[in-house]
Amino acid sequence: MYVAGMTAIVVTMFLALARAAIGPTVFDRILAVNMFGTKTVLLIAVAGFLTGRPEWLDLAIVYTLVNFTGTLAVLRFARFGNLARDDRKADRS
Amino acid sequence: MPPVELLLMLLLLATVIVVARLKDLFAAAMLTGIASLLAAGLFVLMDAVDVAFTEAAVGAGVSTVLFLGALSLTSRREKQEQTRILPIVIVVATGAALIYGTWDMPAYGDPDAVIHHHLAPDLIAETEEKIHIPNIVTAILASFRGYDTFGEVVVIFTAGVGVALLLGGLGLRRHDSGTEEES
Numbered sequence: 574m575y576v577a578g579m580t581a582i583v584v585t586m587f588l589a590l591a592r593a594a595i596g597p598t599v600f601d602r603i604l605a606v607n608m609f610g611t612k613t614v615l616l617i618a619v620a621g622f623l624t625g626r627p628e629w630l631d632l633a634i635v636y637t638l639v640n641f642t643g644t645l646a647v648l649r650f651a652r653f654g655n656l657a658r659d660d661r662k663a664d665r666s
Numbered sequence: 008m009p010p011v012e013l014l015l016m017l018l019l020l021a022t023v024i025v026v027a028r029l030k031d032l033f034a035a036a037m038l039t040g041i042a043s044l045l046a047a048g049l050f051v052l053m054d055a056v057d058v059a060f061t062e063a064a065v066g067a068g069v070s071t072v073l074f075l076g077a078l079s080l081t082s083r084r085e086k087q088e089q090t091r092i093l094p095i096v097i098v099v100a101t102g103a104a105l106i107y108g109t110w111d112m113p114a115y116g117d118p119d120a121v122i123h124h125h126l127a128p129d130l131i132a133e134t135e136e137k138i139h140i141p142n143i144v145t146a147i148l149a150s151f152r153g154y155d156t157f158g159e160v161v162v163i164f165t166a167g168v169g170v171a172l173l174l175g176g177l178g179l180r181r182h183d184s185g186t187e188e189e190s
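Top to bottom, those sequences are chains Y and X. In short: position in the first sequence from 1, add 573, done, that's the numbering used here. In short: position in the second sequence from 1, add 7, done, that's the numbering used here.
These aren't lab readings, by the way, just hints derived from the structure by calculation. One or more of the hints may lead you astray.
Which residues of chain X face chain Y? A partial, calculated answer using Cβ under 7 Å [to be verified]:
hint : residue
1    : Met-37
2    : Ile-41
3    : Leu-44
4    : Gly-48
5    : Val-51
6    : Ala-64
7    : Thr-71
8    : Val-72
9    : Leu-73
For glycine and all other residues, C-beta sits at the position ideal for the given N, C-alpha and C.
Please model the entire structure based on the sequences and the hints provided.
Pasting the structure below:
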């Protein structure tokens, strides 16, 4: 069953990569990349159970954090065009 | 090679080809994050969880942010350039040389590899009775090469202090900006 799950995850990874490559909008790509990160986490978790090392689950959870940070940075860039300044605040003052 | 790792390698190859073909640099920066996550997944499957963690934190986390920071200072689209032959020849030649170099390496997981017969048997046999630490990797890192680890910790501490000083002067400047907002 773990093998079937792993196959499904890898197929989903291919689909997500295709969506990230085709686009067409930025948000399709952001969603695809975020989903790809989630699939990596799932793959590591399932592989951990498959090889009898459920400790990898902890590792997978930390990957989720890394993925989340990257997604936040990408979203911020897509919204404001930069990472450091808050342009809305500068406009108000 | 097990089928999952083969599939991940194929995904990695597809990802880097897509990155090289994309003209939108914003999308390319995001896709490099995918490539790093794939490499990290491969490292995990090869039991190198510490390397994998570094790859995920640096490749997918920090370097994506750094790429985006650089992009905010430059253009978002790659300039149209004619396809040139010389760069691809150099890349293919370098890759071929690297693959040729791996032919002399022992196979992955080969129990007869030299590195498994140099120090590892002694360490496995004697670590516990010598210094009474059950985990051999921890014993090597914290005791046998303790000075090396200490040096690494000093380097990381120095880098952290430098970044803290650059970002906020250890809280001094944050206090100043706070009073500005109040006034």
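Exercise. Please name the hints from earlier in the document that this structure breaks, with their numbers sorted from lowest to highest.
Key: When the structure is compared with the hints, only number 9 turns out to be violated.
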